[in-house]
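2 protein chains.
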Amino acid sequence: MKTNFVLSILLVMISAPLSWAQDLMPLPASITVNKDRLAIDESFKVAIRGHSDARLQAAVARFVKRLEGRTVYSFAPGLAVDDQLTTLIVHCEGPGLGKDVPVLNENESYRIDITDRQALLSAPTVVGAIRGLETVLQLLNSDRRGFFLPGVKIQDQPRFPWRGLLIDVARHFEPVEVLKRNLDAMAAVKLNVLHWHLTEDQGFRVESKKFPKLHQLGSDGNYYTQEQIKDVIAYARDRGIRVMPEFDIPGHATSWLVGHPELGSAPGPYTIERRPGIFEPALDPTREEVYKFLDVFLSEMAALFPDAYMHIGGDENEGKQWDRNPAIQAYMKGKGIKDNHALQAYFNTRLLKILQKNGKKMIGWDEILQPELPKDVAIHSWRGTAALAEAARKGYDGILSNGYYIDLIFPASQHYAADPLPADSTLTPEQAKHVLGGEATMWAEWVTHETIDSRIWPRTAAIAERLWSPRHVTDVNDMYRRLAVISLQLEELGLAHKKNQDMMLRRLVRTDDIGPLRTLVSVIEPVKEYRRYQQRPQTMLSPLTGVVDATLPDSEAARRFAFMVDAFLADAPRFQLYRSELGQMLADWQTAGAALEPLIDRSPALKEVKPLANNLSVLGETGMEALTYLKLGVPSTPEWRKASELKMDEASKPYGALEFVVIPSVRKLILATGK
Amino acid sequence: MKTNFVLSILLVMISAPLSWAQDLMPLPASITVNKDRLAIDESFKVAIRGHSDARLQAAVARFVKRLEGRTVYSFAPGLAVDDQLTTLIVHCEGPGLGKDVPVLNENESYRIDITDRQALLSAPTVVGAIRGLETVLQLLNSDRRGFFLPGVKIQDQPRFPWRGLLIDVARHFEPVEVLKRNLDAMAAVKLNVLHWHLTEDQGFRVESKKFPKLHQLGSDGNYYTQEQIKDVIAYARDRGIRVMPEFDIPGHATSWLVGHPELGSAPGPYTIERRPGIFEPALDPTREEVYKFLDVFLSEMAALFPDAYMHIGGDENEGKQWDRNPAIQAYMKGKGIKDNHALQAYFNTRLLKILQKNGKKMIGWDEILQPELPKDVAIHSWRGTAALAEAARKGYDGILSNGYYIDLIFPASQHYAADPLPADSTLTPEQAKHVLGGEATMWAEWVTHETIDSRIWPRTAAIAERLWSPRHVTDVNDMYRRLAVISLQLEELGLAHKKNQDMMLRRLVRTDDIGPLRTLVSVIEPVKEYRRYQQRPQTMLSPLTGVVDATLPDSEAARRFAFMVDAFLADAPRFQLYRSELGQMLADWQTAGAALEPLIDRSPALKEVKPLANNLSVLGETGMEALTYLKLGVPSTPEWRKASELKMDEASKPYGALEFVVIPSVRKLILATGK
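Each protein sequence line maps, in turn, to chains A and B.
Under our numbering, the first residue of the first sequence carries the number 12, and numbering increases by one thereafter.
Under our numbering, the first residue of the second sequence carries the number 12, and numbering increases by one thereafter.
One chain only, chain A, in its complex shape (with noise of 0.2 Å):
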């Protein structure tokens, strides 16, 4: 006799066995559990019924292959002809709407019923059916008697239709092998824009035939040629993805000028920029030669991209060029043109008709929001959620970015706890329509070929499952929980996330003996918002191969200790076992910090994170001492006490843009010994 029961998400996640159903990212909008077993050998068989095209086709072989490479079994080649002979249909109803080019409302719901005897993934579109597939891998389990997929019923479709992934190629250039195994990640947590960062004053990416000195004199010959754009594009339509390009105008523009400088605000010559900031140079808005080089230039870059929106940027002009230029303070006289802003949303204006004629929507950042903006311009605001209601409640469509900005190297959790539409919006149904995702933005100063992935991922898995689940999925731990996975399976898709940081800190340490070093960079990270910079200064040539390089974000290491801390102090007696693994993380602490002396002699790269290998062993041996107080009963002297704050607050201080993120919990080991 069979016992099915259905559980909510909610209780799903607040229950405390730890069920494979647990273990999806991003969550589904709704699942059923049951007893069910559907046992994967090496007899397995995938049968695509209903629609069936190429796309599928590819989709499914890559799911095979992928189920393969973690079997490890050769299933027989082909799809299964004979429905009883089959483990997994795919049954699918039609191409959808994205057939050729992928679009913003494909319909991207699927459904999943897995029994005993077979599993059904059924599917409006194709997309969606890619969709169902990653979840399908994602229930992938094991256990004594072999792999299996558990019985399951899940009714899935996103929360938002709009969910992206920016990735600037223009401060630090990217290989197209990075860019398709970061398509790939995002398709394996259902993100469905890359947004391509083209152009900035670093950078001109772009193969342009029309004014080839764009890509020839702005990039250092690091630009993508057009055929590895549409290889990229073609890529990206596989998985469901649309590919934007921005091209960041009138300001962020000083690659553009390398090669035209005619087209400036100011004479010139201009150089690459190499440092990070915001910059002068900005195209002049009052010059019809320059919207003539646009309208040819964006027409050629509107027919090599089919996505419908183009990004125009329009970010941080501070105008400066503009002030001092006396033409365009004429023109703006004469034009009755009343300051830099108005005169932006005049240059927008023109841009929107060349866009409108190439049949592109215009997206920019929350600058272009001016009163005279057409309404079917589209925001993109890194400002926050008030801005972007007020953008839908005028009637713009928008997407977020605020609070997800990856580079900024902060927690999951924070990235997690941002809502394009919170809670507490007081927006109406019809205005909260507009509010169509967000993305995270991989803003790319201090990332390389080498260390992106691991900027990137897992963190957005967490910012995906916010875009994608029901806004009631928010628990933290479970999140952490089920990213660590997630984190794991990326690694099968080629992203290099993990297995770089060992190499990186191999080179620095130039042996394999990187123990002690491991140790160090577990309990710390590079420090956040733009405070990298500020105390570490580098330019866009300088190696990004430093500790702070190959330290990851989001602490698995603190997390962990935090919580034990936690736990132990509120209960210590039910909590015995996590006093040990304190001790021994503790004692770990100390004795890394001692190793890495030799080490660091060695290793002059290391030699910034010297006063870090010493607060190291200050704090292991000083949570050591709070923990023996703790153990013995007896409370410490308030000396002690005083003596061991300071020390926190010493070991508190930056050194190589590298800071400890687990000294909120030492403090509470010291404060609890005063008890």
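The set of hints was computed from the structure by calculation and includes no laboratory data.
Check each hint, because a few of them may be wrong.
Note that the list lumps identical chains together, so a pair holds whenever it fits in one copy or between two copies.
Below, a list of computed lysine-lysine pairs in the BS3-like style, where the Cα atoms sit at most 30 Å apart [claimed, not checked]: (1) 224 to 110; (2) 241 to 349; (3) 224 to 241; (4) 76 to 539; (5) 346 to 331.
None of the values given here were measured: they were computed from a predicted structure.
Here the structure of chain A is known, so what remains is to put chain B in place on it, guided by the hints.
Just chain B, lined up with the frame of chain A:
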């Protein structure tokens, strides 16, 4: 006062102190060490003097980038103008013979002279300078005072002009980025030929515009476009590496016949071969249309690949299709062709004419050496030095691959011992000149983009040294010491030979908890020669994600264990320290073996190594018992030794195509307890 002292290579290697100079690989022809020290700091500047061109400038730029990556210094961009302020002067006399296309007999020599004040690298050619730049990078060292280049005079040139790596991209396809990173690694150890094995029964990997059915039907879509081929050739040229294509005919040709069955010796139809092995399909050497086809195709390829040589394979054609084809038999009778060897010789003669017409030299495997073969054809010997010497005596140029089959998982020491021109060679100096060098062969039945690097590196660096350094450089222990250093340096080029292992173990265990599995794989190796397929049959479509794929050749841990056992047994009082390290290793084995059990229960893909996990515990336990006898100085009983030997016999059995490589050393410990 400065004291200079001269050390011969041999002295450097025999002398006990670990000197920086010992980290070079391949070791240079001659080296003089002094006490100078050239500091490398942020003021580092490089100048090019004498001849300069784009290739040299690009090589210098790559050099600087790698130096920055290791030191984490940002050097001022651009080349030095003032010699007084220059750290490294690269003085190049001219472009060399292979300015546009690298050539066989390029002068690759260089000199390095490093003093307290400056480093001078001088070379007659750009390729010589490129080789020297790699040596300078290998010289980089560091200590408490900072990074530095040691004072040294080096005069270096290769022993053999042909130092190659064959990469088989037919059995398993490799993306362009895999080839590029391997070209970088080749350049790092001064290899100069990429032998690109492009066609096989299992795949046709090059785009033919003349006969598109070849790649369209013979490759599953996995082929290189002609643009990609040109890109790879240009990348190799920049590094002074020739790219020689191989089109293996008349056998090994199944994939050709899928699209063009009319070329075959049996009517077909044909499908791409999925199994490993030797297969019957062969081109029909008796039909004029076959030669017409080859004329057009090889002319197309001759234009695409600029290298002077074209490899026509010619191996392992057993002629079974020929035997069964009455028309071929009639043709042979009519022409007086007495057997299949003679028929293939006839085929080769026709082929040679096509190649000569296209200005190409022909090279093929041993089998092509038939009595009437013209003397300007070169022999590629998989048979061995005797065959090579025989060819040389007859006046044929030749290269060696016997001894360099890195796909067979033998240790580097074995490859290192294979010399194309061994000390006992009886060739005259004139004959010896026909021995051009050798090639490591990466046959690709059991490698993917995830694992190929670990099958090539670091072992191929030992082969590179054999082909570059003087014959008398043969110290195996020193080779292994330097190999570990070079292995680490190769990672900066993106090579994944080290970092992919943990990733693959994580995928198998499905958590980050890979410690016990890592301990197991550290002391096992894949079975050697062709036993993997016999013991664990798979096809070209099977997943290569099992434990055998994650396990590396040439176990470092086993080498360390053997070294310590030998030292300890030879002189226990002197090597007391090793007893505790041995005890620790053995204890780790026992613990890991036990800890693996629950992991294996959760992970069905590990089931095949369950007996190995048990045996790992047995090895640890037995070894510890032996150590205890030796510590106590009490002889063991014959019964214990007998029982222990039986355990070793049992543990010697391979499982999952994996076997322990520490058993001989454990046996030594057991045996020693009897004394």
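Legend entry - Alpha-carbon proximity context of residue 346 and residue 331, limit 30 Å: Answer is within; shortest intra-copy Cα gap is 19 Å, inter-copy 88 Å.
Inset, instruction - First find the shortest C-alpha distance between residue 224 and residue 241 inside one copy, then the shortest across copies, and answer within, between, both or neither for a cut-off of 30 Å. - result: both (21 Å within a copy, 24 Å between copies)
Legend entry - Same-copy or cross-copy closeness of residue 241 to residue 349 [CA-CA at most 30 Å]: neither (42 Å within a copy, 56 Å between copies)
Legend entry - Alpha-carbon proximity between residue 224 and residue 110, which holds within one copy, between copies, both or neither at 30 Å: between (35 Å within a copy, 28 Å between copies)
Inset, instruction - Up to 30 Å between alpha-carbons, please classify residue 76 paired with residue 539: within, between, both or neither. - result: between (39 Å within a copy, 27 Å between copies)
In the structure shown, a violation is registered for the earlier hint numbered 2 alone.
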